[in-house]
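Going down the list, the sequences are from chains A and B.
Just add 10 to wherever you are in the first sequence, counting from 1, and you've got this note's numbering.
Just add 43 to wherever you are in the second sequence, counting from 1, and you've got this note's numbering.
Think of the hints as simulated: they come from the structure by calculation, not from any bench.
Built from N, CA and C at the ideal position, the CB exists for glycine as well.
No false leads were slipped in.
In silico DSS-like links for lysine-lysine, alpha-carbon gap of 30 angstroms or less:
hint : chain 1 : residue 1 : chain 2 : residue 2
1    : B       : 256       : B       : 489
2    : B       : 60        : B       : 405
3    : A       : 31        : B       : 148
4    : A       : 31        : A       : 168
5    : B       : 256       : A       : 12
6    : A       : 31        : B       : 60
7    : B       : 256       : A       : 168
8    : B       : 489       : A       : 31
9    : A       : 37        : B       : 256
10   : B       : 237       : A       : 16
11   : B       : 256       : B       : 237
12   : B       : 489       : B       : 504
13   : B       : 489       : B       : 503
14   : B       : 60        : B       : 343
15   : A       : 16        : A       : 184
16   : B       : 343       : B       : 325
17   : A       : 184       : B       : 256
18   : B       : 489       : B       : 60
19   : B       : 256       : A       : 16
20   : B       : 405       : B       : 148
21   : A       : 184       : B       : 237
22   : A       : 31        : B       : 256
23   : B       : 148       : B       : 256
24   : B       : 325       : B       : 60
25   : B       : 504       : A       : 31
26   : A       : 184       : A       : 37
27   : B       : 60        : B       : 503
28   : B       : 60        : B       : 504
29   : A       : 31        : B       : 503
30   : B       : 60        : B       : 148
31   : B       : 503       : B       : 405
32   : B       : 237       : A       : 12
33   : A       : 37        : B       : 489
34   : B       : 325       : B       : 237
35   : A       : 37        : A       : 16
36   : B       : 237       : B       : 60
37   : B       : 504       : B       : 405
Stretch-level coverage of chain B by chain A, calculated; a stretch enters the list once three of its residues show a Cβ under 8 angstroms from a Cβ in chain A:
hint : segment
38   : 52 to 65
39   : 230 to 237
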Amino acid sequence: MKTYNKEVLYGLYEDEQVMLKAIREAKAQHLEIWDVFCPFPVHGLDNALGLSESRLHISGFVYGAIGALLGFGFMTWVFTRDWPIIFGGKPYFSAPAFIPITFELTVLFASVGMVVTFYTICGMGPGVLNPTLDDRITDDKFCIAFDTTNTTEEEQDKLRSFLSGSGAAEVDSKNI
Amino acid sequence: MSASVSPIREPLVTGGKTYHDITEDICSPTERTPSTAWVLAFIVSVTGLAFYVFCVAWTVWNGIGTWNLNRTIGWGWDITNFVWWVGIGHAGTLISAILLLFRQKWRTGVNRAAEAMTIFAVICAGQFPLIHMGRLWLAFFIFPYPNTRGPLWVNFNSPLLWDVFAISTYFTVSLLFWYTGLVPDFATVRDRAKGIRRRVYNFLAFGWTGSAKHWQRWESLSLILAGLATPLVLSVHTIVSFDFATSVIPGWHTTIFPPYFVAGAIFSGFAMVQTLMLITRKVLNLQDYITLEHIESMNKVILATGTIVGVAYLTELFIAWYSGYIYEQFAFYNRVLGPYYWSYIGMMSCNVLSPQIFWWRKLRRSVLVTFVMSIFVNIGMWFERFVIIATTLARDYLPSSWSYYTPTWVEIGLFIGTIGLFFTCFLIFTRVAPVVAIAEIKSILKDAGDQYVGPEVARKKAESATATDTH
Numbered sequence: 011m012k013t014y015n016k017e018v019l020y021g022l023y024e025d026e027q028v029m030l031k032a033i034r035e036a037k038a039q040h041l042e043i044w045d046v047f048c049p050f051p052v053h054g055l056d057n058a059l060g061l062s063e064s065r066l067h068i069s070g071f072v073y074g075a076i077g078a079l080l081g082f083g084f085m086t087w088v089f090t091r092d093w094p095i096i097f098g099g100k101p102y103f104s105a106p107a108f109i110p111i112t113f114e115l116t117v118l119f120a121s122v123g124m125v126v127t128f129y130t131i132c133g134m135g136p137g138v139l140n141p142t143l144d145d146r147i148t149d150d151k152f153c154i155a156f157d158t159t160n161t162t163e164e165e166q167d168k169l170r171s172f173l174s175g176s177g178a179a180e181v182d183s184k185n186i
Numbered sequence: 044m045s046a047s048v049s050p051i052r053e054p055l056v057t058g059g060k061t062y063h064d065i066t067e068d069i070c071s072p073t074e075r076t077p078s079t080a081w082v083l084a085f086i087v088s089v090t091g092l093a094f095y096v097f098c099v100a101w102t103v104w105n106g107i108g109t110w111n112l113n114r115t116i117g118w119g120w121d122i123t124n125f126v127w128w129v130g131i132g133h134a135g136t137l138i139s140a141i142l143l144l145f146r147q148k149w150r151t152g153v154n155r156a157a158e159a160m161t162i163f164a165v166i167c168a169g170q171f172p173l174i175h176m177g178r179l180w181l182a183f184f185i186f187p188y189p190n191t192r193g194p195l196w197v198n199f200n201s202p203l204l205w206d207v208f209a210i211s212t213y214f215t216v217s218l219l220f221w222y223t224g225l226v227p228d229f230a231t232v233r234d235r236a237k238g239i240r241r242r243v244y245n246f247l248a249f250g251w252t253g254s255a256k257h258w259q260r261w262e263s264l265s266l267i268l269a270g271l272a273t274p275l276v277l278s279v280h281t282i283v284s285f286d287f288a289t290s291v292i293p294g295w296h297t298t299i300f301p302p303y304f305v306a307g308a309i310f311s312g313f314a315m316v317q318t319l320m321l322i323t324r325k326v327l328n329l330q331d332y333i334t335l336e337h338i339e340s341m342n343k344v345i346l347a348t349g350t351i352v353g354v355a356y357l358t359e360l361f362i363a364w365y366s367g368y369i370y371e372q373f374a375f376y377n378r379v380l381g382p383y384y385w386s387y388i389g390m391m392s393c394n395v396l397s398p399q400i401f402w403w404r405k406l407r408r409s410v411l412v413t414f415v416m417s418i419f420v421n422i423g424m425w426f427e428r429f430v431i432i433a434t435t436l437a438r439d440y441l442p443s444s445w446s447y448y449t450p451t452w453v454e455i456g457l458f459i460g461t462i463g464l465f466f467t468c469f470l471i472f473t474r475v476a477p478v479v480a481i482a483e484i485k486s487i488l489k490d491a492g493d494q495y496v497g498p499e500v501a502r503k504k505a506e507s508a509t510a511t512d513t514h
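Could you put together the complete structure from these sequences and hints?
This is the structure we're talking about:
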């Protein structure tokens, strides 16, 4: 099991709208949210948290471009330099016939590359165990978590009263 | 939260579910001991799979001579089955990718099972070109790897090689897409599990926590994979059709093949989804998630694609006549009235005529009619591939080499065997994974749950509005 070495104070909400409202409230009060956990992708959460747009698609484009160049370049090299053979009277460099494989390799590289990147940057993978705060977060609870590792009692009390005041059904803390 | 969905639109999740109900309903089938029906179905499927293994062993041991292929009929049931299975394998990606891009919410009820079906169908499809090689242990020759024979490369100009790349890419991308969608749901199963089950799902869930940033990336990844899979799924059957269309055989050498094959693939894929989902929703009690609304939507797709296929059949006949080319004319005359006329009748009646009953809403929403129709379409699409392959090859340019092809027990066994393989995989899937995408259903609940939207809710709202007016 991986560990973040953090002490986390968190509140569990029953409804995503209540949670979204609480996040906006926290932003207004300049409370620093460590993370938010949900059972499904909540619409509008990125904006409420102020998350910047994911750059995963840029990596996808780069991987795809590598696949396309590699595929087309390799076929060109094989048929014009390494072992030129005439097939069906076509020229050695029969570019239109290279398109289907070039396309397939573009898609293959982009998909595999993006999926590997996704799991790597999220710190996930086969058999990886990331600590979780509550088992019900993947069921029907929405969780706002604050990092309270180096905070005073006073600050923790403030966060605690914020959580229960903004509609959290349960408030708890955990070392993860 | 008030939903901004038209009140006349039927709800997609019925039964007034809460988020927890959804988790409970979809996870519990994986947590119970299997029912007798499941065990019986599994025994039958595994028997089919065992017979498949036997037939493959028989073919490899004795050689392709155990099949009834000959000099002109180089492709028979094997390639027919290959194209049939690949076609079936198109619905999953279509439902999850194209319908995702089109923002069709009904996709969420069926996408998981349809994608699983895609993967298993592609596994079945991939068997046939390999066994067909005869020397199965040399199958790696199809990949361009540096070898000691020159190196001698594969022919990148050949549609058969394009097929290798298309099918293997399609399989890989579908698998990644499917598994990435499954990870959050495996986490849901994990967090409910105890003991050894917990350990297994810990492994499968990849350490998913549900963090906001992870969900954001997950959505971005799903969207881009869908964007990539959409042209991919169209390319795969296009390339399969190139196996025929780039040859110089009358009846195969036609430019209509790519769109006609793609439409046929969607058609047969949806039929197989219907066959499986109608049984699954009943056995696993998922009627609240796979509603008549879903079934009707899929039947509309079947009607549309079946009609496109029908137009393609008629276009082929017209163009054969209009071309003035006697070999082309003979190929189609022979298809309709030659020795394999029965398969042409089977194809036309199952694929073109019978789906027309779906113009009636009542029949589109009948579970029984849909089930029977889905079987009809599966049969019809198998006939279509048989018509294209066997009738054409049995009557080539040289009348002296004309013959009549019938399969041997080995070829029939291989076909039945892959059905066993397919259902074995699918039955295992229903036991270990949530068959409906839990997270995605939860995310549409407030837009499509019957306690939030639908004619019933609209009526109640109107009533309460008039009630407040009168006061």
